[in-house]
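Student: Protein chains in written order, with the working numbering: chain A, 1 to 303; chain B, 1 to 324.
Accuracy of the hints is not assured; some may be wrong.
[Unchecked claim] Part of the chain B face toward chain A, derived, beta carbon under 7 Å: (1) Pro4; (2) Val6; (3) Arg15; (4) Arg16; (5) Lys137; (6) Thr141; (7) Arg142; (8) Pro143; (9) Arg145; (10) Val322.
Just so you know, these hints were derived from the structure itself, not from any lab. Positions of the beta carbon are idealized from the N, C-alpha and C atoms, including for glycine.
Read off the chains here:
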Amino acid sequence: MPTQATLTATSLTKIIGRKTIVDNVSFELQAGEIFGFLGPNGAGKTTTIRMLVGLIRPTAGHVTICGFDQRRQFEDAMRCVGCIVENPDLYRFMTGRENLEHFARMLRVAGSEIERVAELVSLAHRLDQRVGTYSLGMRQRLGIAQALLGDPRLLILDEPANGLDPAGIREIRELLRQLAAERDMSIFISSHLLAEIELTCDRVAIIHKGRILREGSVRELISSRREMELRVDDVARAGAIAAEHNLAYRTDTDRIWVAIEEQESPPLIAAIVQAGVNVFHAQRRTQSLEEMFLEATGGESVD
Amino acid sequence: MFIPLVQNETLKILRRKRFAVVAAILFAIIALVTYSQYRRLLEQRDRNWRAEIQQRVASFQNTLRRGRINETWARSMRAEINRLQFYLDHDIEPNKPTAPLFVRTFANVAGFLLLPLLIAILGSDIVSAENAEGTDKLLLTRPVRRWKVLTAKLVTLWTFATLTLLTGGAMAYAVSAPFLPRGGWTAPTFTGFSVERGALQIDAVRQLPLWKDTLIAYGLDWFALLTVACIALLLSVLFRSSAAAIGTMLASLIGGTILTRISPDWTAGKYLFVSALPLADYYTGEPPPYDGMSMLFCIALLSAWALAATAISYMIFTRRDVFG
Numbered sequence: 001m002p003t004q005a006t007l008t009a010t011s012l013t014k015i016i017g018r019k020t021i022v023d024n025v026s027f028e029l030q031a032g033e034i035f036g037f038l039g040p041n042g043a044g045k046t047t048t049i050r051m052l053v054g055l056i057r058p059t060a061g062h063v064t065i066c067g068f069d070q071r072r073q074f075e076d077a078m079r080c081v082g083c084i085v086e087n088p089d090l091y092r093f094m095t096g097r098e099n100l101e102h103f104a105r106m107l108r109v110a111g112s113e114i115e116r117v118a119e120l121v122s123l124a125h126r127l128d129q130r131v132g133t134y135s136l137g138m139r140q141r142l143g144i145a146q147a148l149l150g151d152p153r154l155l156i157l158d159e160p161a162n163g164l165d166p167a168g169i170r171e172i173r174e175l176l177r178q179l180a181a182e183r184d185m186s187i188f189i190s191s192h193l194l195a196e197i198e199l200t201c202d203r204v205a206i207i208h209k210g211r212i213l214r215e216g217s218v219r220e221l222i223s224s225r226r227e228m229e230l231r232v233d234d235v236a237r238a239g240a241i242a243a244e245h246n247l248a249y250r251t252d253t254d255r256i257w258v259a260i261e262e263q264e265s266p267p268l269i270a271a272i273v274q275a276g277v278n279v280f281h282a283q284r285r286t287q288s289l290e291e292m293f294l295e296a297t298g299g300e301s302v303d
Numbered sequence: 001m002f003i004p005l006v007q008n009e010t011l012k013i014l015r016r017k018r019f020a021v022v023a024a025i026l027f028a029i030i031a032l033v034t035y036s037q038y039r040r041l042l043e044q045r046d047r048n049w050r051a052e053i054q055q056r057v058a059s060f061q062n063t064l065r066r067g068r069i070n071e072t073w074a075r076s077m078r079a080e081i082n083r084l085q086f087y088l089d090h091d092i093e094p095n096k097p098t099a100p101l102f103v104r105t106f107a108n109v110a111g112f113l114l115l116p117l118l119i120a121i122l123g124s125d126i127v128s129a130e131n132a133e134g135t136d137k138l139l140l141t142r143p144v145r146r147w148k149v150l151t152a153k154l155v156t157l158w159t160f161a162t163l164t165l166l167t168g169g170a171m172a173y174a175v176s177a178p179f180l181p182r183g184g185w186t187a188p189t190f191t192g193f194s195v196e197r198g199a200l201q202i203d204a205v206r207q208l209p210l211w212k213d214t215l216i217a218y219g220l221d222w223f224a225l226l227t228v229a230c231i232a233l234l235l236s237v238l239f240r241s242s243a244a245a246i247g248t249m250l251a252s253l254i255g256g257t258i259l260t261r262i263s264p265d266w267t268a269g270k271y272l273f274v275s276a277l278p279l280a281d282y283y284t285g286e287p288p289p290y291d292g293m294s295m296l297f298c299i300a301l302l303s304a305w306a307l308a309a310t311a312i313s314y315m316i317f318t319r320r321d322v323f324g
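Construct the entire structure; sequences and hints are all you get.
Tutor: Put into structure tokens, the structure is as follows:
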């Protein structure tokens, strides 16, 4: 069943008491696709993930993994999934190898798998030390190794960049891209970091206060959110010129942000300067997550 | 199919060094008691026990001959004479501290408080620690249903409860054997005395060799400990912190014991599992704190507690939401 979606979430809702934590969230993952789940802390990302992997019972909605109903065919469904939920919490009083053996026994996979996954996350040299002595980054790697046991079709990772140094982040990112491309694995990543999602994922859903605000390709949702920031002495004039160029813009007291591609920016800058406006600096920047939320929610603040 | 899961749980208990703690506690207590027994042995060495017993037999026989006591008393006295005569005939000093007798006594004195407490130490964090350390998120997202995970934990706990009892018995012998007389497994024991309406009942008195009597006492302890393990599992499911789980078990063991001693007229107390725990004591002849607590009642009561605790554990564990 290669054309079937690896993960389908249908109208997932979780209500605790009177509070709606997750509200009617639906999405689908195809094989070989890296899907980003982007939202600030407290947006409902982890609760959604807990429902995906069966830790929390949804108030409404359901989850299908590789064609299996996650509730009624739990064991078949979960055999297709490797996951890290929230922190990579492993047994600290056991060694890395014992941890991997523990989960390998639950999956009933061969012992040779342990060497393979440890190699993939470059942890083979520390495998015989107690996890209590590991740094957060190493525990993150061990968590990913554990998730890769048994070569699952779907990987669900909650904030996988947490605790890793920039080199480690890049290494893990490359591993994930490679797993998706070569093994056709579907990967679900949650993060509150825009840049992380932009660099790793193909598609992204933006979640805020338990609801999905936007869903689309990374290109249309994030990369198109680039803009030019100019610091000028006459904001009104600069704005008028941007308007003449048919460009969207926003301003504050001494800055103006114009939605424009880098290649098209020199004529605009030239026009502003020619109009006698002093330009102190000009730089490209990506809209921050907060600004994106402000835009999407129409000014409702992110708290 | 459960073996890999039980293997996992066993590994976790061993790596957490829970069983090492239990073994250390057992050793410390047994060593201390052995020392006191050894002291007693030294003090009794110069005593002429044959003369003492002959004197007691003679005084009983005198009383019987005078015939001024009722039939019930007379019967119990004759039984006592038989018992003492047996010691004289076989040249066995009664109540002399020996290693086998120590092993036997251990079943009675440890069965209702020390061993249950050790089971609580073993069992209290079998579920709660996974919860507190966040490892349940991984444990419960593997392709193994929750009831199987819990069953593996219960089976492991039962195994360790059994192991604790056996370790206690074996250690009692091993530690005391170098200091106390080693033989005496075939010495006679008399169990089944009971007091009913103020009179000593001897109809049910059985004479068994010590080894057989010991096996029965350990069997009864074993049954009580399996029940305790079920209750420890429930506490571990209910509480997130193992300290709370151990504390509750401790409080119910001690509180229950105090309650049964202080207010025996509050008869509902006989339905507490704590009242039925000293099975080995009741078997030996120690009267249960409440009327109508036959051996059968105690075993049925413990079974009911075990069943209820297990059922509630499964109900909660398989259904609850796992939050961070």
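Student: Decide, hint by hint, whether the structure agrees.
Tutor: The hints, checked one at a time:
{"no.": "1", "hint": "Pro4", "in the structure": "holds, 4 Å"}
{"no.": "2", "hint": "Val6", "in the structure": "violated, 10 Å"}
{"no.": "3", "hint": "Arg15", "in the structure": "holds, 5 Å"}
{"no.": "4", "hint": "Arg16", "in the structure": "holds, 6 Å"}
{"no.": "5", "hint": "Lys137", "in the structure": "holds, 4 Å"}
{"no.": "6", "hint": "Thr141", "in the structure": "holds, 4 Å"}
{"no.": "7", "hint": "Arg142", "in the structure": "holds, 4 Å"}
{"no.": "8", "hint": "Pro143", "in the structure": "holds, 4 Å"}
{"no.": "9", "hint": "Arg145", "in the structure": "holds, 6 Å"}
{"no.": "10", "hint": "Val322", "in the structure": "holds, 4 Å"}
Figure legend: structure checked against the earlier numbered hints; the only hint not met is number 2.
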